[in-house]
Amino acid sequence: MATIISRRRVVADNWQLLKLSADGSIDIPSDGDVIVPLSVWLAQRDALVKRTARLGVWLEGKDDPALLAADFKHFALIAVHFEHFVDGRGYSIARLLRERCGWQGELRAIGDVLRDQLFYLSGCGFDTFALRADQDVQAAITAFADFSEAYQASVERPQPLFRRRSSIPKNDTTDASI
Amino acid sequence: MYLYDEIDQRLVDERVAQFRDQTRRFLTGELSEDDFRPLRLQNGLYIQRLAPMLRIAIPYGLLASRQLRALADIARKWDRGYGHFSTRQNIQFNWPKLEDVPDILAKLATVQMHAIQTSGNCIRNTTTDHFAGTSPDEIVDPLVWCEIIRQWSTFHPEYAYLPRKFKIAVSGSESDRAATQVHDIGLQATRDATGQVGFRVFAGGGLGRTPLLGAVMREFLPWQHLLTYLEAILRVYNRFGRRDNKYRARIKILVKELTPDVFRAQVENEWSHLKGGAATLTSDEVQRIEKRFTRPAYRKSDALSPDYVLALATDKAFSNWVRRNVQAHKVAGYAAVTLSLKKTGAPPGDATADQMDAIAELADNFSFGELRVSHEQNLILADVRQTDLFELWQRARALGLATPNIGLITNIIACPGGDFCSLANAKSIPVAEALQARFDDLDYLHDIGELDLNISGCMNSCGHHHIGHIGILGVDKQGAEYYQISIGGAQGNQAALGKVLGPSVSQAEVPDVIERLIELYLARRDSEEERFIDVVRRIGINPFKEYVYGNHHQPAASRRRQLATA
Ligand code: HEM
Ligand code: SF4
Chain C
11 MATIISRRRV
21 VADNWQLLKL
31 SADGSIDIPS
41 DGDVIVPLSV
51 WLAQRDALVK
61 RTARLGVWLE
71 GKDDPALLAA
81 DFKHFALIAV
91 HFEHFVDGRG
101 YSIARLLRER
111 CGWQGELRAI
121 GDVLRDQLFY
131 LSGCGFDTFA
141 LRADQDVQAA
151 ITAFADFSEA
161 YQASVERPQP
171 LFRRRSSIPK
181 NDTTDASI
Chain D
5 MYLYDEIDQR
15 LVDERVAQFR
25 DQTRRFLTGE
35 LSEDDFRPLR
45 LQNGLYIQRL
55 APMLRIAIPY
65 GLLASRQLRA
75 LADIARKWDR
85 GYGHFSTRQN
95 IQFNWPKLED
105 VPDILAKLAT
115 VQMHAIQTSG
125 NCIRNTTTDH
135 FAGTSPDEIV
145 DPLVWCEIIR
155 QWSTFHPEYA
165 YLPRKFKIAV
175 SGSESDRAAT
185 QVHDIGLQAT
195 RDATGQVGFR
205 VFAGGGLGRT
215 PLLGAVMREF
225 LPWQHLLTYL
235 EAILRVYNRF
245 GRRDNKYRAR
255 IKILVKELTP
265 DVFRAQVENE
275 WSHLKGGAAT
285 LTSDEVQRIE
295 KRFTRPAYRK
305 SDALSPDYVL
315 ALATDKAFSN
325 WVRRNVQAHK
335 VAGYAAVTLS
345 LKKTGAPPGD
355 ATADQMDAIA
365 ELADNFSFGE
375 LRVSHEQNLI
385 LADVRQTDLF
395 ELWQRARALG
405 LATPNIGLIT
415 NIIACPGGDF
425 CSLANAKSIP
435 VAEALQARFD
445 DLDYLHDIGE
455 LDLNISGCMN
465 SCGHHHIGHI
475 GILGVDKQGA
485 EYYQISIGGA
495 QGNQAALGKV
505 LGPSVSQAEV
515 PDVIERLIEL
525 YLARRDSEEE
535 RFIDVVRRIG
545 INPFKEYVYG
555 NHHQPAASRR
565 RQLATA
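In the order they appear, the protein sequences are chains C and D.
Here our numbering is used: the first residue of the first sequence is 11, the next is one more, and so on.
Here our numbering is used: the first residue of the second sequence is 5, the next is one more, and so on.
If you are wondering where the hints come from, they were derived from the structure by calculation, not from laboratory data.
Since this is a predicted model, take the numbers as computed values, not measurements.
For lysine to aspartate or glutamate, the following EDC-like pairs were computed, each having C-alpha atoms within a straight-line distance of at most 20 Å:
| # | chain 1 | residue 1 | chain 2 | residue 2 |
| --- | --- | --- | --- | --- |
| 1 | D | Lys111 | D | Asp25 |
| 2 | D | Lys111 | D | Asp12 |
| 3 | C | Lys72 | D | Glu261 |
| 4 | D | Lys250 | C | Glu93 |
Produce the complete structure using the sequences and hints provided.
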């Protein structure tokens with residue numbers, strides 16, 4: 011059974027990640043928790059909704075997360091696939107899912123997910139991580155503590171640092187006297 | 005100088021620890037070369053033709069004397085005794101060992117410096133006007149805004165893996181000395197009709213193989229919205245910028261392919277969700293940052309010393325230097341002084357460790373312990389009392405830093421070129437040296453007047469050849485090093501890209517061609533006030549082309565003969 015990082019702990023994982031085969035077909039088992047590609051969800055939603063096991067959908071960098079916003083109630087998980095870790099589109103997708111579309115369930119990073127990107131991924135709202143097979147999952151946990159603060163507003167820290175410094179009154183944007 | 009607070013310092017220290025661990029894992033084979041490369045690039049570490057190259061950030065070009073001394077120590081201990089100041093307001097070392105880099109970064113952190121995001125496909129060091137805070141025509145002090153952007157962009161979780169590198173430049177004045185229109189985002193401070201401060205926002209400018217000037221995104225963006233608007237641009241770029249071809253991956257290509265209007269509409273749509281959100285700036289935050297900058301304790305101006313007045317009237321070398329290398333200051337009795345790193349025979353922008361120490365001492369003695377790095381690869385003492393100018397000049401001259409050539413043809417911007425860079429088509433430093441030697445006569449030099457001459461060793465345009473009044477580009481012609489010459493480029497408010505003059509020429513021919521250009525300019529200018537670039541704008545490039553290459557139908561050999569005898 012695979013192990014993943016979930017909320018900074020190593021846990022066993024039962025989800026099956028389903029991919030289209032070369033001819034564009036896909037085999038969906040009748041039971042078991044599955045994560046299907048966005049295109050499969052859009053094409054086979056009626057059949058998928060009838061299954062009793064839990065359902066997840068995964069997005070690629072080019073996908074529009076807004077396409078899922080109306081369907082959240084059907085999903086137990088949304089995953090974002092990183093084709094290569096230097097392709098940073100998934101970071102924006104995660105923030106849009108969390109901050110714009112209001113997804114509050116599990117958000118999983120899958121694909122080329124490595125220890126050294128976990129801090130930023132977590133900042134953008136991912137809470138579970140299926141690391142690339144060669145990664146030392148246990149050792150990777152320390153990466154969440156690479157930095158103890160961040161300047162920016164993000165999913166993890168909805169207020170930027172400058173609004174969290176205690177001496178600073180909030181929402182003072184009216185005075186232009188500089 | 006911006007002074008770190010506890011959190012600023014902690015984050016930089018944590019970065020050193022993180023990179024130390026990454027380097028350790030790389031050296032033990034736990035981290036593959038492919039997985040390590042983007043990590044080391046985001047810490048300024050390239051692997052170059054000769055050795056690794058470490059690029060250290062000098063945020064918005066501001067440097068304290070103790071920081072410069074630390075750079076000198078690094079040059080001595082871990083490099084070969086010198087560093088190269090680049091056009092991006094940072095310094096590069098060409099010889100550090102990979103395993104030493106964590107120690108170098110730790111040393112930098114002790115003087116509030118780092119190499120964070122100086123390379124890689126992320127938001128890079130924000131650059132600005134090197135006279136920031138001192139120029140009489142300033143609307144805002146751009147240093148404050150650069151620091152706000154530095155904090156926002158440092159370790160931004162969403163934008164560490166962009167399609168390509170991303171550079172932001174800020175100008176605080178009416179007159180743009182930060183080349184904002186050739187950056188991915190350019191910000192020009194301005195005021196609206198009610199006097200409120202804001203920014204004119206450009207996006208999609210850049211040089212490289214597809215040189216483009218930025219398109220106006222907003223004529224006026226109120227300052228409170230700066231960060232949310234930057235977020236909107238970056239998000240559209242991160243999602244939709246091309247990732248299939250690294251030569252088409254800069255934001256300028258996205259803006260061009262979508263058209264500026266469509267791109268702007270996408271940004272505005274994204275911004276409509278972010279506007280007014282938590283990242284909206286407050287005047288408290290702007291003031292907090294402003295107060296963390298130490299400011300020079302200017303003294304009331306004394307009468308100019310008799311020595312100075314006399315020297316100005318009688319010492320031609322001194323008055324030449326004052327004319328070229330000394331700039332007006334907003335505080336009466338003070339001036340900004342450019343120390344030239346463009347001495348004939350030295351690679352542009354290079355400084356030895358001993359020079360760095362000596363310059364640090366000049367900064368301590370004459371300019372409140374601070375200096376600036378200009379994108380023209382010189383160093384600037386921004387707050388010098390006028391009465392000290394004569395003494396400073398004598399000391400700078402003894403150090404070889406007083407070449408009176410600022411703004412003149414020998415103040416060449418040149419990239420490292422084929423001597424150091426693996427991407428080069430041709431060398432650039434020997435070309436710069438040959439030109440400096442050719443135009444060594446000071447009277448002739450001053451007679452020619454203001455002229456920017458920029459050299460890049462290849463299309464990546466690190467030497468900004470497109471925006472030189474004269475630009476020289478190294479090209480590969482069947483394996484031989486050749487140079488393509490363009491004229492008419494300019495930076496600043498009238499930014500323009502140069503036009504290619506004609507077929508490329510060999511290295512030996514370059515000084516002759518440049519001299520022909522100058523001859524024609526001197527013959528055609530209507531007064532000494534009309535600069536080279538003004539003449540190019542007035543008469544166009546054809547007269548220059550004909551004067552350099554002769555008649556179009558003339559055979560190449562006789563053309564070359566004509567050139568040789570010119
Ligand atoms: C020695 C090793 C260097 C290498 C391998 C290198 C590589 C590159 C490359 C590949 C680009 C093009 C990126 C693109 O268009 O997407 C570039 C752009 C640039 N480089 Fe360098 N560079 C080096 C040194 C320097 C130095 C020393 C300077 C400053 C003097 C510099 C300043 C710049 C600037 C300003 C640009 C941006 C031009 C633009 O706006 O497109 N580089 N460099
Ligand atoms: S312009 Fe070309 S040759 Fe010069 S430093 Fe940049 S990449 Fe190297």
